[in-house]
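Student: Protein sequences appear in the order of chains A and B.
Count along the first sequence from 1, add 650, and you get the number used in the working numbering.
Count along the second sequence from 1, add 2, and you get the number used in the working numbering.
Source of the hints: derived by calculation from the structure; they are not laboratory data.
If you're wondering where the values come from, they're calculated on a predicted model, not measured in any experiment.
Hints should not be assumed to be uniformly reliable.
[Stated by the list, open to error] Just the calculated beta-carbon pair ranges, DEER-fashion: (1) GLY142/B - LYS904/A: 57 to 67 Å; (2) ILE165/B - ARG702/A: 54 to 64 Å; (3) PHE112/B - PHE664/A: 27 to 37 Å; (4) ALA139/B - ARG903/A: 43 to 53 Å; (5) PRO47/B - SER687/A: 33 to 43 Å.
Beta carbons: idealized from backbone N, C-alpha and C, even for Gly.
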Amino acid sequence: MGNIFAFLLRHIRFFVFIILEGICFSLVVNYNRDQGSAFSQFSNEVSGSVYRSFAGMKYYFHLRETNDSLMAENARLRAKMSNAMYFDTAKSKDIHDTVFKQRYTFIPCDVVNNSVTSMNNYLTLGSGKKAGVGKHLGVVSTVGIVGITRDVSEHFSSVLSVLHKDFTVSAEIKENKQIGTVTWDGYNPNMVVMKDIPLNVRLKTGMHVVTSPFSDLFPAGTLIGYVVKYEANHNDANYTVTVWLASDIRNLRKVYVVNNLMRDEKQNIEPKPESK
Amino acid sequence: MISGLKYFFLFLIILVLQVFVLDQAPQIVPYARPVLFFAFIIALPEMYDLWLMGIAFAGGLLLDILYGTPGINAAACVLLAYLKVPLIRLIKKDEEDNIIPSGHITYLGFGQYFFYILLVSLLYHFVTGFLSVFTFAQAGQTILRVFVNTIVSVILIYIFEIIFFYRRSAKT
Chain A
651 MGNIFAFLLR HIRFFVFIIL EGICFSLVVN YNRDQGSAFS QFSNEVSGSV
701 YRSFAGMKYY FHLRETNDSL MAENARLRAK MSNAMYFDTA KSKDIHDTVF
751 KQRYTFIPCD VVNNSVTSMN NYLTLGSGKK AGVGKHLGVV STVGIVGITR
801 DVSEHFSSVL SVLHKDFTVS AEIKENKQIG TVTWDGYNPN MVVMKDIPLN
851 VRLKTGMHVV TSPFSDLFPA GTLIGYVVKY EANHNDANYT VTVWLASDIR
901 NLRKVYVVNN LMRDEKQNIE PKPESK
Chain B
3 MISGLKYFFL FLIILVLQVF VLDQAPQIVP YARPVLFFAF IIALPEMYDL
53 WLMGIAFAGG LLLDILYGTP GINAAACVLL AYLKVPLIRL IKKDEEDNII
103 PSGHITYLGF GQYFFYILLV SLLYHFVTGF LSVFTFAQAG QTILRVFVNT
153 IVSVILIYIF EIIFFYRRSA KT
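Chain B extracted, bound-state conformation (with noise of 0.2 Å):
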């Protein structure tokens, strides 16, 4: 219960962050918009994958009514979240079978969890962007944002993530 309360809050202080800090800071590499807003899927605690789709989506959609664009973050978050657990055994490809695969940088390590972030950053920049323009018309430029998003998002969730849980994991 009162980690469930600590995740909730820190899923207000991801939100917070993109609408009124990130979504409100000038534009300063061309084309790219800063988003952090799906690491609250990578910060989520291991459980059960319905649990992690279903608050995947209530999130996505709150975001996306905030924005105004009902669907398209949620889409993308819900492909996160079921993606999630896959990706990381991609990744690393662990011995033993009954540890369960965490997100974080601890378990993952710093060159590993980069290719992690690089490729969930992807995939969620590419259904944004094409859902967004819902045309494969002008693809080369959408690819283009997609590509500049991923870098400015792989860099706001290294940061964040050693903010707010490498130390914390490194004491314990």
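Same shape as in the complex, but just chain A (with noise of 0.2 Å):
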């Protein structure tokens, strides 16, 4: 404490300069205009950047607060999206309510374990039946289809992926709005095999192979991937169209289990396969 004092009284001249400076510099920029709204907007722009880089900063560590709120919010969005809707042009008595139904509805989960390599893949997820998620749901991710839900505990779901020997899904050329059917060979985790496209039908690389509206499983219109090859298959007069998948299986994080509403609607007027 003593050595403060006598550091303080040997350097007394250079504070005592320094603070009536501090007062004049005070002075300067408080009591005149211009100096004063100079002054502001130089401080305004050092704190204004020694803040924006703190918020950068801090950013980072709220990144999966942030993608799990912006998760939930396109599941929201999805479900308002009119695919998503089942489009009621009956003419009813009590049609005067909406013209809209909820028929789709999305739950944001995450993926915990996947497997791209084997003949059967399968993937799990981190929501089970807590969150909603049933069996034999469709599951998408952002950009396309991912598979369908296999068994369900309380908290997990195991998914039958799109890369599996089993997965069928109806679907459907967007441009031409030919109906096939999509499986997968087991060779390519890239790459699935959309059939029984008739041979009259005109093909070009690049056209979108989405989901049709057959799907129980999926919103009509789904992007399952993109056309990359065919061959006309001569025994039965079919093409084999190799489709690009548009979602990487091997990388997934989030996907959006799909919840219809009017499935069992759907399903009970329909005459049961035996063998399911």
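Two independent chains are provided; combine them into the complex using the hints.
Tutor: Rendered as structure tokens:
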């Protein structure tokens, strides 16, 4: 303590000088309009840039929360898209209520496990019954389809990936509305195969392959992939179309489980196949 | 006490000269504003630095209040008071340490006194010039003003010093 006072006393000349100049400077910026505005602009600039870089740093620590909230918002917005709605044009008596009814809802999920290398590939999602995930529901990523839920536990659900021998989905080519079936041939985790396209259909590479309205699992028009190759198969007069998958199954982190609110209603009036 | 009153009257004379004569005079040299005011810091006798800085602060603030620019002249005056003795020592390297340096023509001589007030004027006008525009945007023009004002101030202070201090000191 004594040393501090001794130091202050030895340099008192300098400290008094600094204090007086500080008073002068504060007088200058506080009581002169031009200097005051210039000073406040400068200090705003400095503090603004400091806070901006600090906020940019802080942003990274909250990326996870930001991402989750965006996922939740996306799920809400997807549920509002027209293809998630059931378009009710029937002229019944009490139609004055509303035209659009909610048909699909989306549950955001984390992918906790994933495989692409075996013949039958599965994903595991970090959400289960508690989050509202049920059996046999479609799973989509932000860009395209991913698979179908198979088993659901309280907190997890396993998904039969697109890259599975048993996976089939009704698909159509967006440009000419031609309906076919998409399966996986088990070779390339980026490619699936679309069958049942007749030879009279004109195909081009780059055409969009989307889910068809026949599918109960996915909203009609959900992207599956793009046509990269097509070969005529003369045994059954159909094309074998190779489709580049839109979603990169290998690198999935976040997916949505599609909940079709009208599926039971639709399946109840359809004749049940014996095999299932 | 008597000498304190004497220097107080000297300060009043300088202030009146500055505000009522020099500031009202027509502009002869372009850019120039004749400033004699800080001569009172040079004229003050050797005293404790803290007192000198306090007096310089008060005097500068008084002029600032008259001009309506609080802080600008006070800042320059405090800087001058702080650097007064170091500047004299820089110009005149005295072999004997116990001689208290004085900022007068009798101690420094004509040539060194000229350099001394040149440095002091330059400092003063540099500080007031940049504080009053408060930007480095048109630094060239500001520096030109600083130099012109410095030359005018050096001439004024030299005349002032010879009138008030040289003859009297020479007699004694």
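Student: Work down the list of hints and note, for each, if the structure agrees.
Tutor: These are the hints, each one checked on the structure:
Under the hint 57 to 67 Å, the C-beta atoms of GLY142/B and LYS904/A, about 59 Å apart, fit the expected range. ILE165/B and ARG702/A have their C-beta atoms about 59 Å apart, which keeps the hinted 54 to 64 Å range intact. For PHE112/B and PHE664/A, the Cβ-Cβ distance of about 32 Å falls inside the hinted range of 27 to 37 Å, so the restraint holds. Separated by about 51 Å at the C-beta atoms, ALA139/B and ARG903/A satisfy the suggested range of 43 to 53 Å.
As the Cβ distance of PRO47/B to SER687/A is approximately 42 Å, the hint placing it in 33 to 43 Å holds.
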